[in-house]
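**Student:** If you want the building blocks of each chain, they are given just below.
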Amino acid sequence: MPAPRPVLELDAVTFAYGAVAVVRDVSLSVHKGECVAVVGPNGAGKTTILRLSLGLLRPDRGSVRLFGVATGSFRQWWQLGYVPQRAVASSALPLSVEEVVRSGLAGTRRAVRRGSATRERLEHVLDLMGLADVRRRRVSEVSGGQQQRALIARALVTAPQLLVLDEPTTGVDAAARAVLRQSLEHLVRVEGMAVVYVSHDPGAFTGLADRVLAVDDGQLVDVSAPVAPAAVRHAAAT
Amino acid sequence: MNPFEFEFMQRALVACTLTAGVAPLVGSFIVQRGQSLIGDGMGHVAFAGVGLAFLVGAEPLLGALACSVVAGLLLIRMSRAGLAGDLAIALIFYGGIALGYLLSARAGAGQTRLVGVLFGSPLNLSWGRVWLIAVLAAAVVALTAVLYPRLVALAFNEEAARVSGVATDRIVLALTLMVSLVVVAGMSSIGLLLIAAMMVVPVAAAAQLASSYRGTLVTASAVGSSSAVAGLSVAHYLDYSPGSAIVLTAIAAYLAAAGAGAGARRLRLHRVARSAPAP
Numbered sequence: 020m021p022a023p024r025p026v027l028e029l030d031a032v033t034f035a036y037g038a039v040a041v042v043r044d045v046s047l048s049v050h051k052g053e054c055v056a057v058v059g060p061n062g063a064g065k066t067t068i069l070r071l072s073l074g075l076l077r078p079d080r081g082s083v084r085l086f087g088v089a090t091g092s093f094r095q096w097w098q099l100g101y102v103p104q105r106a107v108a109s110s111a112l113p114l115s116v117e118e119v120v121r122s123g124l125a126g127t128r129r130a131v132r133r134g135s136a137t138r139e140r141l142e143h144v145l146d147l148m149g150l151a152d153v154r155r156r157r158v159s160e161v162s163g164g165q166q167q168r169a170l171i172a173r174a175l176v177t178a179p180q181l182l183v184l185d186e187p188t189t190g191v192d193a194a195a196r197a198v199l200r201q202s203l204e205h206l207v208r209v210e211g212m213a214v215v216y217v218s219h220d221p222g223a224f225t226g227l228a229d230r231v232l233a234v235d236d237g238q239l240v241d242v243s244a245p246v247a248p249a250a251v252r253h254a255a256a257t
Numbered sequence: 380m381n382p383f384e385f386e387f388m389q390r391a392l393v394a395c396t397l398t399a400g401v402a403p404l405v406g407s408f409i410v411q412r413g414q415s416l417i418g419d420g421m422g423h424v425a426f427a428g429v430g431l432a433f434l435v436g437a438e439p440l441l442g443a444l445a446c447s448v449v450a451g452l453l454l455i456r457m458s459r460a461g462l463a464g465d466l467a468i469a470l471i472f473y474g475g476i477a478l479g480y481l482l483s484a485r486a487g488a489g490q491t492r493l494v495g496v497l498f499g500s501p502l503n504l505s506w507g508r509v510w511l512i513a514v515l516a517a518a519v520v521a522l523t524a525v526l527y528p529r530l531v532a533l534a535f536n537e538e539a540a541r542v543s544g545v546a547t548d549r550i551v552l553a554l555t556l557m558v559s560l561v562v563v564a565g566m567s568s569i570g571l572l573l574i575a576a577m578m579v580v581p582v583a584a585a586a587q588l589a590s591s592y593r594g595t596l597v598t599a600s601a602v603g604s605s606s607a608v609a610g611l612s613v614a615h616y617l618d619y620s621p622g623s624a625i626v627l628t629a630i631a632a633y634l635a636a637a638g639a640g641a642g643a644r645r646l647r648l649h650r651v652a653r654s655a656p657a658p
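Residue numbers (my numbering), protein chains in the order written: chain A, 20 to 257; chain B, 380 to 658.
Warning: the hint list may mix true and false statements.
[What the hints assert, rightly or not] Now the stretches of chain A that chain B is said to cover, found in silico as 3 or more residues with beta-carbon under 8 Å:
| no. | stretch |
| --- | --- |
| 1 | 92-98 |
| 2 | 110-116 |
| 3 | 149-158 |
| 4 | 216-222 |
The set of hints was computed from the structure by calculation and includes no laboratory data. Even for Gly, the Cβ is constructed at its ideal location relative to N, Cα and C.
Using the sequences provided together with the hints, build the complete structure.
**Tutor:** The structure is reproduced here in structure tokens:
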């Protein structure tokens, strides 16, 4: 029986901004039902790896595949959920929580967007993320934790198989972080989703990730438990 | 006496109400993208097109449309190449207005005609010109309705929109075209230098009162249209320039909305504080 296809695959990827190599020969495979954390200090190249993974940057060398398809040819965007940093929730104009979540459907066809299955999915993710009561409130006026959950709900509204989060714990207090962790655990363990998150905080969602990868000099170093805490702290400090 | 009994006032009313009503639809997206001054700049560049049209004897609206679309495309290309800094944009915009005046002077266009283009001359519109403005306004409404979900996604976060499958390059292009259409529609009624204000000021007023994006769009459009009606009336009775009166009315509406919004927020905080349990 063939091995299951990775949902995300980076193969010997190298990327430089001008003459500065930020990512060097990075390889990574993420499978369905797996949670992978990419940690490291600010400026280490985490966000560059994330942007390469999403097809927002093209690698100088190597290849990136989503669901077996090179990112340049990938069109099944509904399979991919992306949660940007929470700062994007500080909108200049009023956007309700529901409008933020609904904006995740913008790339789907009109018939899909207006279908009953999509409406049910919208209600489901609002309930799942505990946002049903605040759906009509301005996203800039709800708590940091609720803003983060709105961004996750936005990414989940197309029922993706891979969820990618950029600094999901920034500006989120301990209680809200616990709620977020619980939601992500449900997505990975119950719904079988693949989750990848990047964080400068090695302690973000402790124990959730199946693998913890530290960015060290443009390369990924597996620092998963049992040696994770010390190695991650070291990687984050350098 | 009702000022709108006169046919020239009826033409001005239709043209200004339509223009001021659709301008905020486009304006909301450029404000959200942090490009509030793009409409102003496009107006400057459109003036070069008007000057060129005067020189070759073409329809000024077409010249304005062509020049603003070309400038929009150039700005998109520069932005993608990382070249659209403040200075580069300023060079294009100021170059546009300087070239516009130079070409207009060479063409022998009178000062009255130029003032009409820059600050609007809605009282001199023909029904044919009003129909043309109505077609441009309808095109803006149709594009907003069709592209609405993608425009909102783009305005919220361009990268997240792209990962959602939105063809962001095409939507940015469409938005630029929509700005050009509004600038051209506003040229004869509110003026090339003032139409940008109607893209931004009603949106700023609506943002004080609405709690959703859709609500902001509807409220901003209503503020824009109402400002046109009130501004034209004031201009008629006090013999003011209609374009200026419309923009100043919109600014007054913004100040009133800002005051009402601040009051409502204070009241909400007061209620929250009163309902909180004592320590």
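**Student:** Evaluate each hint against the coordinates.
**Tutor:** Cross-check of the supplied hints:
1. 92-98: holds (count 3)
2. 110-116: Coverage by chain B holds here, the residue count being 6 at a Cβ distance below 8 Å.
3. 149-158: It holds: at least three residues are needed, and the stretch 149-158 of chain A offers 3 whose Cβ sits within less than 8 Å of chain B.
4. 216-222: violated (count 0)
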